[in-house]
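Note that UniProt numbering has the sequence shown beginning at 1, numbered continuously upward.
Note that these hints are calculated values from the structure, not bench results. A virtual CB, placed ideally from N, CA and C, is assigned to each residue, including glycine. Any given hint might turn out to be false.
Stated by the list, open to error - Per label pair, the in silico range of CB-to-CB distance: (1) Y24 <-> S175: 48 to 54 Å; (2) L120 <-> R53: 30 to 36 Å; (3) P253 <-> D184: 51 to 57 Å; (4) Q6 <-> P253: 36 to 42 Å; (5) Y26 <-> T173: 51 to 57 Å; (6) E91 <-> L120: 24 to 30 Å; (7) P233 <-> K178: 23 to 29 Å; (8) N181 <-> H89: 39 to 45 Å; (9) R118 <-> C174: 27 to 33 Å; (10) G68 <-> S30: 55 to 61 Å; (11) E86 <-> N122: 16 to 22 Å; (12) C28 <-> T170: 17 to 23 Å.
To be verified - 30 Å max Cα-Cα, derived DSS-like pairs, lysine-lysine: (13) K146 <-> K169; (14) K183 <-> K59; (15) K169 <-> K149; (16) K183 <-> K56; (17) K183 <-> K169; (18) K56 <-> K146; (19) K149 <-> K92; (20) K87 <-> K146; (21) K87 <-> K149; (22) K183 <-> K92; (23) K169 <-> K132; (24) K3 <-> K56.
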Amino acid sequence: MEKVYQPNERRFVVVDGGPDDLDYTYECYSSRRARLSCGHHATPSSLTDWCSRQLKEGKSTFSCGTCGGALPYDEVRIKALLTPEEKEHFEKTLAFNATKSNPDTKICPGCNTSVARRELSNLSVNCRVCTKRTGRVFEFCWQCLKEWKGSRPRADRCDNAGCCNEALKTLQTCSVVKFENVKDISNCPSIRACPTCGALLEHSGKKCKNITCARCNVEFCFVCLQLTSICLPTSNYHSPCAIPVAPKQTSIPQWNNTDTSTLRGFDKALNGCHRYQQVPAINTPMPNEEESTKSICVTM
């Protein structure tokens, strides 16, 4: 059923007739057109269709398909006349896409837009969209995703009840892994934070002890947490390391997302003709092979 704007709509500019700039599938919707912030016009149905398409493509933000101008979620929600069911779907998918495409972004609890953190040691994050919309500085906690409470800057938590680092909690409470094909290894945690980027990875106990992080693509030893290029010269893929098993991690490395091609080059040169498994990303198992690790989506 086509959505239509009410005759008394006063929240935004609505025009009669003219092109429906987002009707890329030629549905020829009959509703009046809303003026978008980028200057183009769209019916509520064509705006819904276009933004749904962007969600299916994995986008975590919306933009005009005609000019590329940004379309904040708050604007889309109102001008697309989203139903409660559509709002829930849009918000969940935006959050999922943002985490999948860039773990260094979070969804603002105030406007549901994707926000990047500039200071990795500060959990207090300013949302420019909410600040502009409300006329006051809006900050939220990168950890608990609630509006910020307490002094700032802080790297441990905000003053909201229940604010804690779930990733660290996962690392501290995980069980140990039993390796099927690695000799004489005991008390190795089953979940590790990648020493390069901090992504959480869980080892199934199958195959060798070295894995490649699906996020940064750097290979490291799950037992001693050294890069493969450092661990392997004094060990091998199925034997104990030259140093003891690394204990459960008490901090998570912060990734500055610099180029890791040099590190990967060292690892590949060291491997020579040895074939090692590229750790698959979530929901992309390698054909005819059992996965040795899986990525864990935990807010960091």
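Here is how each hint holds up against the structure:
| no. | hint | in the structure |
| --- | --- | --- |
| 1 | Y24 <-> S175: 48 to 54 Å | 50 Å, holds |
| 2 | L120 <-> R53: 30 to 36 Å | 34 Å, holds |
| 3 | P253 <-> D184: 51 to 57 Å | 27 Å, violated |
| 4 | Q6 <-> P253: 36 to 42 Å | 53 Å, violated |
| 5 | Y26 <-> T173: 51 to 57 Å | 55 Å, holds |
| 6 | E91 <-> L120: 24 to 30 Å | 26 Å, holds |
| 7 | P233 <-> K178: 23 to 29 Å | 26 Å, holds |
| 8 | N181 <-> H89: 39 to 45 Å | 43 Å, holds |
| 9 | R118 <-> C174: 27 to 33 Å | 31 Å, holds |
| 10 | G68 <-> S30: 55 to 61 Å | 27 Å, violated |
| 11 | E86 <-> N122: 16 to 22 Å | 35 Å, violated |
| 12 | C28 <-> T170: 17 to 23 Å | 51 Å, violated |
| 13 | K146 <-> K169 | 19 Å, holds |
| 14 | K183 <-> K59 | 44 Å, violated |
| 15 | K169 <-> K149 | 22 Å, holds |
| 16 | K183 <-> K56 | 45 Å, violated |
| 17 | K183 <-> K169 | 29 Å, holds |
| 18 | K56 <-> K146 | 27 Å, holds |
| 19 | K149 <-> K92 | 25 Å, holds |
| 20 | K87 <-> K146 | 19 Å, holds |
| 21 | K87 <-> K149 | 27 Å, holds |
| 22 | K183 <-> K92 | 43 Å, violated |
| 23 | K169 <-> K132 | 35 Å, violated |
| 24 | K3 <-> K56 | 21 Å, holds |
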